Amino acid sequence: MISFMNVFGIWIAAFFTISIFSFLYKDNPFYKLSEQIFVGLSAAYWLVYIIYSIMMPNLFTKLIEDFSGNAILLIPAGLGLMMLMRLHPKTQWLSRYPISIMIGTTAGISMLRYMKSDILEQVTATMINPFSAPDAAGVVGNLLLIIGTVTGVYFFYFSKKQEGIFQIPSKIGIWFLMVSFGATFGYTVMARVSLLIGRLEFLLRDWLHIIT
Amino acid sequence: MKLTAIVERRIIYSVLLLAVALPLIFPIGWTTEVSDYTRIVYELVETTPEDKVVIVSFDYDPSTMTELQPMAEAMIEHAWKRNQKVIATALWPMGVQMAEQAFTKVLLDYPEKKRGEDFVNLGYKVGGMVTVQAMGRNLMEVYPTDNQNTAYQDIPMLKNVRRLKDVAWISSLSSGVPGIKEWMMVARDNYQVPVTGGCTAISAPGFFPYVNEQRQLYGLLGGLKGASEYESLIGRLGSATTKMDAQSIAHLLILVFIGLGNYRAFRNKRRQNS
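Just so you know, the sequences run in chain order W and V.
Read in order, the letters of the first sequence correspond to residues 1 to 212 in my numbering.
Read in order, the letters of the second sequence correspond to residues 1001 to 1274 in my numbering.
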């Protein structure tokens, strides 16, 4: 029975994979069917997952087992319910309170962390002695890092018109930005091809048994 | 014969499909050069003493497992080779299953490794950065049991692990938020625990700047290439290595297409001018 279910699952997965790929030829009913099943299935999966893996163990089970000891959980539960009030036009103003608490908390937690990791540490990492590298390649790399950072940031300095001599660092900055966009594009292609490889590997190995 | 744009597009898709499928069926065996980013990850694991406990966080789901699962298997294998004990955690719900799959696969080569003594799967916790912060204070409070419902205090390998500071390194295999950045911002910046990991190729350029003099990240495995580099460093012929042939051929083909497209655009422009 297990074996049958496995084979059945593989055939279903193969059918949906090919149906999704069929969109590359043109839009068709198989693609639409697969897309809609995927959306419905994902929504149902997440709903069940959230209830059984998040709400049950973190809220309901704790309240049922020891209500007085976990009474503080009623506050997030109440805020959660207030969030759902958004569904009803007359009570939707209530949802603003939990949303504002979420935004405020997230901003408070993240602000210091981002300040440290993305500003202070990053700026410190750029303040290096370029000639401290052990070899010539390292020195060139350090110099490129410093020049690229300074000119890249300068490109976004709009308070003064960039003309004449002030245009030069901006132009250099554009080159660094272009190289970085090129690298990002290359990595994006790699990611997309990886997805294709993943699906083809499934079709060729698990479904058709052409590869091992 | 002039081809319409839609026909041209279909030809490109078909050729790309063949370019990816054929190397999977007939592997070429091209080798990839190991980058410094990967070597730093390798050296961190390699220089960590035996019997140390480490965390591998599975912060992804099946949609990106082609890129991240080979990294997970390679890192677990490397840690076990060095006799380190692996805690699996997940900031993404389906990371739990990804961790189980990775352990099952690597256990085929290391049947002597035992759950609870050499590895444990603590499961998923919601909360992202806040969860990591809580783990920094008390791991047992965040994970009272593992995913087999064994109480934290009954798991032998966790006897001396009370908070994040008690682990030697943390590796986050990440395909988005929450992921490697949250680990870095809390575990590394707050608790000074070395953080390393891997991410999908699409997010790699955004994380490379954190591999710097400040050691915000101890190296980074970027996409399938990073995974295959790591496999070659630990001498494992894993799935990333076999997939890299298809990846390389696809990239070459796309370069050819870009060249052809530019040639045509240049020719059309010249024709219009004349």
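By construction, these hints were calculated from the structure, which means they are not laboratory data.
In this text, all values refer to a predicted model and were calculated from it rather than measured experimentally.
Do not rely on the hints blindly, as some may be mistaken.
[Unchecked claim] Here are some, though not all, of the chain W residues that point toward chain V, as calculated from beta-carbon distances under 10 Å:
id, residue
1, 16
2, 20
3, 24
4, 28
5, 95
6, 118
7, 183
8, 204
[Said to hold, decoys possible] Simulated pairs of lysine to aspartate or glutamate, EDC-like, Cα-Cα distance not exceeding 16 Å:
id, chain 1, residue 1, chain 2, residue 2
9, V, 1081, V, 1061
10, V, 1081, V, 1109
11, W, 26, V, 1100
12, V, 1052, V, 1146
13, V, 1125, V, 1109
14, W, 62, V, 1109
15, W, 116, V, 1189
16, V, 1113, V, 1051
17, V, 1114, V, 1051
Quick reminder that beta carbons are idealized off the backbone N, C-alpha and C, glycines included.
To see whether the hints hold, each was checked on the structure:
This hint is violated: residue 16 (chain W) has a C-beta 13 Å from the nearest C-beta of chain V, more than the 10 Å allowed. Among the interface hints, the one on residue 20 (chain W) is violated; its C-beta lies about 13 Å from the nearest C-beta in chain V, farther than the 10 Å criterion. With a cut of 10 Å, the hint placing residue 24 (chain W) at the interface with chain V holds, because the nearest CB-to-CB distance is about 5 Å. The beta carbon of residue 28 (chain W) is not positioned within 10 Å of any beta carbon in chain V (closest approach about 14 Å), and the interface hint is therefore violated.
Checking residue 95 (chain W) against chain V by beta carbon gives a least distance of about 20 Å; that is not within 10 Å, so the hint is violated. Annotation: interface hint on residue 118 (chain W) holds; nearest CB of chain V at approximately 9 Å, less than 10 Å. For residue 183 (chain W), the interface hint holds, the least distance from its beta-carbon to any beta-carbon of chain V being 5 Å, beneath 10 Å. Interface restraint check: residue 204 (chain W) against chain V, minimum CB-CB distance 6 Å, threshold 10 Å, status holds.
Distance restraint check for residue 1081 (chain V) and residue 1061 (chain V): the Cα-Cα separation of roughly 26 Å exceeds the 16 Å cut-off, and the hinted pair is therefore not satisfied. At most 16 Å may separate the alpha-carbon atoms for a hinted pair to count; residue 1081 (chain V) and residue 1109 (chain V) meet this at roughly 11 Å. A distance of roughly 39 Å separates the Cα atoms of residue 26 (chain W) and residue 1100 (chain V); the hinted pair therefore is violated under the 16 Å criterion. Among the hinted pairs, residue 1052 (chain V) with residue 1146 (chain V) is inconsistent with the structure: their alpha-carbon atoms are about 19 Å apart, more than 16 Å.
Straight-line distance between C-alpha atoms of residue 1125 (chain V) and residue 1109 (chain V) comes to about 29 Å, which puts the hinted pair past the 16 Å bound. Proposed proximity of residue 62 (chain W) and residue 1109 (chain V) is contradicted: the alpha carbons are some 41 Å apart, above 16 Å. Among the hinted pairs, residue 116 (chain W) with residue 1189 (chain V) is consistent with the structure: their alpha-carbon atoms are about 8 Å apart, no more than 16 Å. For the proposed pair residue 1113 (chain V) and residue 1051 (chain V), the alpha carbon gap of about 13 Å is at most 16 Å, so the pair holds.
In summary, the hint linking residue 1114 (chain V) to residue 1051 (chain V) is supported, as the alpha carbons are separated by about 14 Å, within the 16 Å threshold.
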